[in-house]
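**Q** Chain by chain, the residues:
2 protein chains.
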Amino acid sequence: MSLDPPPVNVERVVNELEQLAAISDCPEPPPAVTRVVFTETDLRARAFLRGLYEQAGLTVRVDPIGNTFARWEGSEPVLPAVGSGSHTDAIPHSGIYDGTVGVLGALEAIRVLKQAGCRPRRSIEVVMFTSEEPTRFGMGCTGSRLMSGAITPDALADMRDSDGDTYDTVRQQAGFSGSLADVALPGDYYHAFVELHIEQGPELEAASLDIGVVTAIAAPAAFEFAIIGEGGHAGAVLMPSRRDALNAAAEMTLAIERLAKESRSPDLVATVGRLDVHPGAVNSIPSRVAFSLDIRDIDGQNRDAVAAEIQEALAAIADRRGVQLESRELNADPPAQAADSLIAAAESAVAVLGLKHQRMISRAYHDSLFMARIAPTGMIFIPCRGGVSHRPDEFSTPEQISAGVQTLALTLAQLAE
Amino acid sequence: MSLDPPPVNVERVVNELEQLAAISDCPEPPPAVTRVVFTETDLRARAFLRGLYEQAGLTVRVDPIGNTFARWEGSEPVLPAVGSGSHTDAIPHSGIYDGTVGVLGALEAIRVLKQAGCRPRRSIEVVMFTSEEPTRFGMGCTGSRLMSGAITPDALADMRDSDGDTYDTVRQQAGFSGSLADVALPGDYYHAFVELHIEQGPELEAASLDIGVVTAIAAPAAFEFAIIGEGGHAGAVLMPSRRDALNAAAEMTLAIERLAKESRSPDLVATVGRLDVHPGAVNSIPSRVAFSLDIRDIDGQNRDAVAAEIQEALAAIADRRGVQLESRELNADPPAQAADSLIAAAESAVAVLGLKHQRMISRAYHDSLFMARIAPTGMIFIPCRGGVSHRPDEFSTPEQISAGVQTLALTLAQLAE
Chain Y
1 MSLDPPPVNV ERVVNELEQL AAISDCPEPP PAVTRVVFTE TDLRARAFLR
51 GLYEQAGLTV RVDPIGNTFA RWEGSEPVLP AVGSGSHTDA IPHSGIYDGT
101 VGVLGALEAI RVLKQAGCRP RRSIEVVMFT SEEPTRFGMG CTGSRLMSGA
151 ITPDALADMR DSDGDTYDTV RQQAGFSGSL ADVALPGDYY HAFVELHIEQ
201 GPELEAASLD IGVVTAIAAP AAFEFAIIGE GGHAGAVLMP SRRDALNAAA
251 EMTLAIERLA KESRSPDLVA TVGRLDVHPG AVNSIPSRVA FSLDIRDIDG
301 QNRDAVAAEI QEALAAIADR RGVQLESREL NADPPAQAAD SLIAAAESAV
351 AVLGLKHQRM ISRAYHDSLF MARIAPTGMI FIPCRGGVSH RPDEFSTPEQ
401 ISAGVQTLAL TLAQLAE
Chain W
1 MSLDPPPVNV ERVVNELEQL AAISDCPEPP PAVTRVVFTE TDLRARAFLR
51 GLYEQAGLTV RVDPIGNTFA RWEGSEPVLP AVGSGSHTDA IPHSGIYDGT
101 VGVLGALEAI RVLKQAGCRP RRSIEVVMFT SEEPTRFGMG CTGSRLMSGA
151 ITPDALADMR DSDGDTYDTV RQQAGFSGSL ADVALPGDYY HAFVELHIEQ
201 GPELEAASLD IGVVTAIAAP AAFEFAIIGE GGHAGAVLMP SRRDALNAAA
251 EMTLAIERLA KESRSPDLVA TVGRLDVHPG AVNSIPSRVA FSLDIRDIDG
301 QNRDAVAAEI QEALAAIADR RGVQLESREL NADPPAQAAD SLIAAAESAV
351 AVLGLKHQRM ISRAYHDSLF MARIAPTGMI FIPCRGGVSH RPDEFSTPEQ
401 ISAGVQTLAL TLAQLAE
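Line by line, the protein sequences give chains Y and W.
Numbering-wise (our numbering), the first sequence opens with residue 1 and increments by one.
Numbering-wise (our numbering), the second sequence opens with residue 1 and increments by one.
Just chain Y, same shape as in the assembly (with noise of 0.2 Å):
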């Protein structure tokens, strides 16, 4: 193909990324969006997507799960192809550029590159991953890790959501059939895939950069902890008498930061995003605390080791404090490398572009992480305001994300011809 900029027709992306934003449960209006998996709402985002890539005349298919692959058939298709895509999904009172910019921007990259008159050797796919995010089954990525066979399909057919229905009950009532089994790719599926996304961190737009080469990506682990200490009226039970699950969770949630910052690794994160009190009534001493915590690193072996030293301080805490400690790792997976390939494709591609660009690791947790496991995977990032996401206030510019699909266009073409 022609080294010209594609012609991207970014007015088209941001019109179609509002489009998408229009269909959320989130009580308040875009820019606030909630799209949880298998809802009703999730259905009419994957009916607006495949109106969009059937108008592209690009040929659907969606497996068992609902992962959805849209083809641009390449001149010889029984070559491996090439992949591209994200997710759709949004936890509950999120932004409009998480997972979308990377769907919508290799439908518009594909687009472009049929208006250019390229015509690649190598079929190029848009993958749109079911359940990138945590929020119905705790389990982050159920696509990707089904696809990759990072996790078994009994496994996921087993998870439970928090009415208690299982992964196989929902996608079947949500209309995805099928055996759990046909999911996986075979490791010569892909000869390579690539997912753009906003940096959803501050160090492209602080560097002022257009791009970011991905090299690694962080892995993520997600524990459960359930604290049992010992209720009573909140008048009546005296200080030094009280075994409060709340003081406890209170004390171990410091730990956790403390910990966190006290790591060796700048890039281990810890958080606990989810914490539940019960009876939760404001006069009555609360008996029994649940909470989450989804811990991080590019360095799989620290992020363990600080796992660890957090357990032990956990259960330090709830001896001293008298209250029972029940845990559960719920995953924790293995960071990836970016492969020299889609690195070396990306920076051509920014190079013919004249776009900035730095090196970096994804701090976030992506499908790409389980993609390269059976793929040679890179992805590209573009600058957010702030690094701001899982946010309303979400951002990128119309120039940046144009920057990106311009990048992912010209890295398409050049890993499919």
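Worth flagging that the hints you see were computed from the coordinates, not collected in a lab.
Just so you know, not all the hints are guaranteed correct.
Identical chains blur together in the list; that is why a pair holds if it fits in one copy or across any two.
Claimed, not checked - Cross-link-like lysine to aspartate or glutamate pairs, in silico, DMTMM-like; alpha carbons within 25 Å at most:
#1 Lys261 - Glu230
#2 Lys356 - Asp161
#3 Lys261 - Asp319
#4 Lys114 - Glu347
The structure displayed is predicted, hence computed values, not measured ones.
Let chain Y serve as the given structure and place chain W on it in line with the hints.
**A** Just chain W, lined up with the frame of chain Y:
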């Protein structure tokens, strides 16, 4: 009347307590009980009580917010009456005896006095106060507050529940009509008021005593705090850049615990019973946290001094962590002293019955705190196992309940002579 021990039918009282406990919204069966004011369940409990009052030949009056008076007419009905009662609402997942022993116990006391041929000059009334628990509107004792003029009709009418419905709307939907201004009782309505209640603390059981004669009721205060920090993606925002609202709340919760423990008064207790995290997602940094503070002491000045220290400490934590702190005082009531006449009447009853007793203070919050503003008031405590209350395992033996009802009956008989 004769000074023989009144022939309390404790099987009947326990049976009525158990029937009342079965009227519950708790998903678990009794002894777990949930009965929130103005719910359909609260109304069923009120209907059950009315049936018992009528069987006992008492005249029932219900005021515009549902405070219920069941009157045994004295030989000189024009004289100020003697009142005795408590509440039947129950916080989520609590027990059988809190409040209910004071209502059904007062009913049994009247039944046995009638049976014993007692013919008092003054009328004796069983009072069931509306909403002693703060569960629904955030403020407790709304029935006795309005009855005693401790809150204005307008202030009460405008209080809202978590659905945003006002007290005035909800009480009318529950079928209670009439002007809120008519709830306040004149200062000469009651000659005396006495409340029978489980101790909700461990002292009587530890000292193997039958009865506690209350000399003072601790003063509760309630506050609501909101912390506004900065949310974001749990993977992307590095630890040093965070303004995590939950970590700030955790530090504040521990500061409250520490200041309460360090207080000069051993009777001071402070509890964070509610804590809500927004957005509450595993992989999202908490951006907002709301929590409650309940703080009590028999020394109102000390309580207010510690509450002020807590406010200062919380403000300092908010500053240091760069989060915004909003605080609201829901109520701060003065402590109450029991009337000497009531203490004397209860102690002479205990002497006649040959029971073992001690004078003590009530650390828990009762409608008597407000009744003391409009009538000479006292309280009679019975032991409860392990001092446990507001929990399903709250328990007093039939013998303990019987001793309490006998003491109450003789106390009422003297006061009504």
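**Q** Are the CA atoms of Lys114 and Glu347 at most 25 Å apart within a copy, between copies, both, or neither?
**A** Only inside one copy: Lys114 and Glu347 sit 22 Å apart there, 96 Å across copies, limit 25 Å.
**Q** For Lys356 vs Asp161, is the C-alpha pair at or below 25 Å within one copy, between two copies, both, or neither?
**A** neither (43 Å within a copy, 55 Å between copies)
**Q** Tell me, please, which holds for Lys261 and Glu230 at an alpha-carbon limit of 25 Å: within, between, both or neither?
**A** The answer is between: 18 Å across copies meets 25 Å, while 31 Å in one copy does not.
**Q** Within a copy, between copies, both or neither: which one fits Lys261 and Asp319 at a CA-CA cutoff of 25 Å?
**A** Both, since 24 Å and 19 Å are each at most 25 Å.
The structure does not agree with numbered hint 2 stated previously, though it agrees with all others.
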